[in-house]
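Asker: Protein chains in written order, with my numbering: chain A, 1 to 303; chain B, 1 to 255.
FYI, nobody ran anything at the bench for these hints, they're computed from the structure.
In this text the structure is predicted, and so the values were computed from the model without any measurement.
Where a beta carbon is used, it is the ideal one built from N, C-alpha and C, also for glycine.
Be aware that one or more of the hints could be misleading.
Pairwise CB distance ranges (calculated) [claimed, not checked]:
id, chain 1, residue 1, chain 2, residue 2, range
1, A, G129, B, P145, 50 to 56 Å
2, A, G65, B, G177, 38 to 44 Å
3, B, A244, A, D211, 41 to 47 Å
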Amino acid sequence: MSDTIEARGLTKRYGDKLAVDGLDLAVRAGLVTGFLGPNGAGKSTTMRLILGLDAPSSGTVTVHGHPYAGLPRPLHTVGALLDAHAVHPGRSAANHLLALARTAGLGRARVDEVLGLVGLADVAGKRAGTFSLGMSQRLGIAAALLGDPPVLMFDEPVNGLDPEGIRWIRTLMRDMAAEGRTVLVSSHLMGEMAVTAQHLVVIGRGRLIADTGIDDFLREHGSESVVVRTDEADRLARVLRRAGGTLEPADDGLRVRSLTARNIGKLAAAEGIALAELTPRRGSLEDVFMALTNDAVEYGVRA
Amino acid sequence: MNILRSEWTKLRSLRSTWFTAAATVLIGVGIGAVASAGQTRAYPTATAADRAGWDPTAASLTSVTVAQLAIGVLGVLVITAEYATGMIQPSVVAVPRRGRLLAAKAVVFAVVALILGQLIGFTSFLIGQSQFANAGMPHATLDQPDVLRAVVGSGLYLAAVGLLGLGLGTILRSTAGAIGTLVSITLLVRLVAQALPESWAEWMNRYWPTTAGEKIVAVLPVDGALGPWPGFGLLCGFVAVVGAAGYTLLRTRDT
Numbered sequence: 001m002s003d004t005i006e007a008r009g010l011t012k013r014y015g016d017k018l019a020v021d022g023l024d025l026a027v028r029a030g031l032v033t034g035f036l037g038p039n040g041a042g043k044s045t046t047m048r049l050i051l052g053l054d055a056p057s058s059g060t061v062t063v064h065g066h067p068y069a070g071l072p073r074p075l076h077t078v079g080a081l082l083d084a085h086a087v088h089p090g091r092s093a094a095n096h097l098l099a100l101a102r103t104a105g106l107g108r109a110r111v112d113e114v115l116g117l118v119g120l121a122d123v124a125g126k127r128a129g130t131f132s133l134g135m136s137q138r139l140g141i142a143a144a145l146l147g148d149p150p151v152l153m154f155d156e157p158v159n160g161l162d163p164e165g166i167r168w169i170r171t172l173m174r175d176m177a178a179e180g181r182t183v184l185v186s187s188h189l190m191g192e193m194a195v196t197a198q199h200l201v202v203i204g205r206g207r208l209i210a211d212t213g214i215d216d217f218l219r220e221h222g223s224e225s226v227v228v229r230t231d232e233a234d235r236l237a238r239v240l241r242r243a244g245g246t247l248e249p250a251d252d253g254l255r256v257r258s259l260t261a262r263n264i265g266k267l268a269a270a271e272g273i274a275l276a277e278l279t280p281r282r283g284s285l286e287d288v289f290m291a292l293t294n295d296a297v298e299y300g301v302r303a
Numbered sequence: 001m002n003i004l005r006s007e008w009t010k011l012r013s014l015r016s017t018w019f020t021a022a023a024t025v026l027i028g029v030g031i032g033a034v035a036s037a038g039q040t041r042a043y044p045t046a047t048a049a050d051r052a053g054w055d056p057t058a059a060s061l062t063s064v065t066v067a068q069l070a071i072g073v074l075g076v077l078v079i080t081a082e083y084a085t086g087m088i089q090p091s092v093v094a095v096p097r098r099g100r101l102l103a104a105k106a107v108v109f110a111v112v113a114l115i116l117g118q119l120i121g122f123t124s125f126l127i128g129q130s131q132f133a134n135a136g137m138p139h140a141t142l143d144q145p146d147v148l149r150a151v152v153g154s155g156l157y158l159a160a161v162g163l164l165g166l167g168l169g170t171i172l173r174s175t176a177g178a179i180g181t182l183v184s185i186t187l188l189v190r191l192v193a194q195a196l197p198e199s200w201a202e203w204m205n206r207y208w209p210t211t212a213g214e215k216i217v218a219v220l221p222v223d224g225a226l227g228p229w230p231g232f233g234l235l236c237g238f239v240a241v242v243g244a245a246g247y248t249l250l251r252t253r254d255t
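So that you can see chain B by itself, here it is in the shape it has in the complex (with noise of 0.2 Å):
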């Protein structure tokens, strides 16, 4: 408990953490908006068959495409601006159970970044639905089936990929490492999946965690690839066998 509090102590106190978090709602829910009005503009010409698999929650949330990066920045420096300012050593000094100090970090920035989720999730998906119903066109209610479901979600899975850069952050110690792992697993990893033999991309788009993860923000089931549940829970075991690895050269290597 005093762990939880030093480690909320040093995530409050630094101003960065808050433009940050800041910065991180708001690109999420502006590129959400604009994201929205688009669908809003390419719907009226859309073939029966595009109207008939649109998908009125998910096209409210993709912002979470923008917002995993920002969040899973913010998730690399609670760790990584411990090794670039030294801070890493009197924290280690303070607390010399190397595995309690990552797992403090884990749960308060979890604790964070749910919230921020939630707030890019929920914010996103209400102005996304407005402007659709504006302009006349099919949209979702929280009340509808796995609606809810999906907006939270979308939430937990921002969370998941913000605890994906503390993990890496954990391993590579350096903030640019880290960033540029992130960014190769959530975005140039299925860029790449695209150029690949189709047996391998259908893989890719089934398996690679951060995809099927993020099929927990759609209501309608997506072709080959695995439930929403099933997906998260994959991401999930990335996550942790990632944070097992970052705990493990933590606890070994010297500081």
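Okay, chain A solo, but in the shape it has when bound (with noise of 0.2 Å):
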């Protein structure tokens, strides 16, 4: 697999904002990349520079090895939805599409195609302004398939839209990945990168907090541990520790990792010690994400 999308040392001042700091990234085909951070990390930012809306204070960034201005046929290669807003409301959603499709030679069978395909070939002769939100989300995304490309950028694409609607987008997303294609989706919600994504780039204040598989992800962050409570806390805790369990206080009782609910069960009963509590907690996905990006805030904070 060949990285499509790279970033070396990407950074972007606004002011004496730094809203994208030194970034390094390399985004591959085949796979779903969810691009996650708090608002305001410079996922945005990431993407317009991605895509020369913005030009970058230093660093470069290209895709399929070209700077995005460079290259021989933007609409066939990067297909990009950063605001479903960015829209006149007075022209139809079709003369939209195809006045977009026109500057990569294509015309009308095309334009017909992609409505199709996102669902708003009954409104096509309807302007763009009279569209809810999840229409238009629908028509950004039909923009950024019109030709066909091998990149796909979506900006908070499930952004208000309704259960129907975020199924569907995700859906879209794995099936273009699946093709083949490099699928490059920001959000603000772990959640939704966990059922979406199949490789993360997480980031805070514009910076590189995390580049790795999902699966991975979870495993080294999304740690298991077992609350316990008893009357001989002290006798338990010794007993844990010889089996090999970390343990930190937690409420009234002990908060341990690396042994299971189950073994603690019978370590304790081995020892006749009474359990009060047994009870294992998964760290959910945004507990994680939130302990990672406040780091990422803290450290910039005392830097």
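Each chain sits in its own coordinate frame; assemble them with the hints.
Answerer: Laid out in structure tokens, this is it:
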């Protein structure tokens, strides 16, 4: 698998605010890559830099080895949805798409195809200004698909969508990746990425925090723990430490890592220690994400 | 060629384009007819000197003064509507070589503006001359020397002001700002010039781009002014400078 979007030392400064800070990025084909970070982390700015809408303050970013503006056939190479409302409200959906399609030598036939693909065929002649947010998102996705490009980028595509629309976009992105395309999708919702993405790029304050497969990410950060309560806390702690558990105080009991609830129960029974509570706790993805990005924020403040 | 077709699709697919175009022609021709009618009432009481210097062609083409604003606004909107709606973003993503994007806009709009300009020029001229003829006044015909140049020139002048609007819109990105600047350049500066010391006013009258360019609608020579083609050339040069500034900003600025 080759890298299709590649950033090196990518930096963007707006006045004295550093929006993207020395970002190294390599997005691969054939996977849905989730681009994750809290609001204001620099996700949209990074996408604008990839598309050449904004110029980097330093560093480079390329698509298929070219800066975006140097792509011989941009619409046939990259499809992007950044802002669903970036449409002239007075133009019909079909004419909006036709104006974009013409730049790549495409015509009405292709416009009708993508309108059918996103389920807007019935409202092709309606003005885009009358569309709901969900319909606007579909129109934006239709525009991204016009040139049948191998690289797709979506900025927060599920925002404002109904459940049916969200499922539709998820399926679309996974299908596109399964066809060997590069799919980069940003979100500030970890849970959304967990069900859509196969690879994760996490940024906070414009810096890279993690660049990893989603399963590795969960294994590394989504650690399970077990909360136990007992009247004989000191004795249980000795037993669990001997068995390889790591302990920390939690509520009025102990939080145990590296041991399963089943093993803790067996150990306690063998030692005749009565347990008042034995509860497995799985750190949610949102918790992990919050912890990670909070660290980044705190680190940034201290630095 | 593809980008030209794209820009034509953008322009023709907005109802506002057709409304503004129709309004431009109606205002231009309407104001021209009213102004010509005013001339037929003023002429009988004019002095011999005034009559000798009276230019029936130019008198029927005063409509350009008003029509230039309407067509300039249309030129402004070609680009500022994209900034106002956010459409500029998908436009620049589809055509990342921004110079080509602006060039295509300029070419497509220039053709439309030329057609509108010629429509206004010829219609105003024909209505005006028939009014003058009916009033028993001297009037012009297209086969007289320089008359055709003046009538065609009025349309060229309008197209040039339309492109000026496009250039200003590209620089300023705001509809209100660009229209304000356009009105200042075409009308306000002229009023201000009248309040200036005479030597300055003379200089402005000769060299201010739109004042100089407007002389292309005159058949009789105007005192102290550049000739019709040098004056129009000066205006075109000014429009080119404004357009080049817009191009440079469009290329280097974040979108």
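Asker: Check each numbered hint from earlier against the structure, then list the numbers of those it violates in ascending order.
Answerer: Violated hints: none; all satisfied.
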